[in-house]
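Peer 1: Listed below, chain by chain, are the residues.
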Amino acid sequence: NAGVTQTPKFRVLKTGQSMTLLCAQDMNHEYMYWYRQDPGMGLRLIHYSVGEGTTAKGEVPDGYNVSRLKKQNFLLGLESAAPSQTSVYFCASSQSYLAVSTDTQYFGPGTRLTVL
Amino acid sequence: AQSVTQLDSHVSVSEGTPVLLRCNYSSSYSPSLFWYVQHPNKGLQLLLKYTSAATLVKGINGFEAEFKKSETSFHLTKPSAHMSDAAEYFCVVSEAGGFKTIFGAGTRLFVKA
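Here the protein sequences come in this chain order: A and B. When the first sequence is numbered by the working numbering, its final residue is 116 and no position is left out of the sequence of numbers. When the second sequence is numbered by the working numbering, its final residue is 113 and no position is left out of the sequence of numbers.
No lab work stands behind these hints: they were computed from the structure. This one's a predicted model, so the numbers in the text were calculated from it and none came from an experiment. Be aware that one or more of the hints could be misleading.
Claimed, not checked - Result set (DMTMM-like, lysine to aspartate or glutamate): computed pairs, CA atoms no more than 20 Å apart in a straight line:
1. B:Lys-42 <-> A:Glu-52
2. A:Lys-71 <-> A:Asp-26
3. A:Lys-9 <-> A:Asp-26
4. B:Lys-42 <-> A:Asp-26
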């Protein structure tokens, strides 16, 4: 049971390049999330998914796209990277709605992305 | 609207002394509250959570937090700091309705030998 894993761990991009971050969870969780973490700002939700084939925008969705083709995977795409997207990206999963249950989010180890 | 304020960006304590990390929140509804810890270059790990049961919540590694509705606070404490507690701590509030989960900016805890 690996929990939540993220690929890659580090990446450096040039402005305008594209890339995809992969998140995988083996806990059969319904809900998955992508956050970015910037100094002094905590974590901000980019996109989330309530189940296979569904996605929705979070707090800071611009410049990102996501897909959830399989229940265990949640992909985050940057079509044209910008320096403002330099950040640490965290994926998380949970079995149900956080606020209406005693459920918990489980986080991956993060991906450190630098855009030059 | 909900919000979370962690009152200290940095806290420094000596090993063996008490730890207090302060968190105030605002929420229109009965919130769920969480504390997470993040060690360097690691993901976030849940320390404890409050979901309208007992107001004093005990978590892992000797941490606990008390929900005080009148003060809208959820401060994290530990009686005796250990070197391994040095990390960043995040207070999180979540409201009914699904995905309104707000993270505080974080408090970095330093533990001196």
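Peer 1: So, for every hint listed, does it hold in this structure?
Peer 2: Do the hints match the structure? See the list:
no.	hint	verdict
1	B:Lys-42 <-> A:Glu-52	violated (27 Å)
2	A:Lys-71 <-> A:Asp-26	holds (9 Å)
3	A:Lys-9 <-> A:Asp-26	holds (18 Å)
4	B:Lys-42 <-> A:Asp-26	holds (19 Å)
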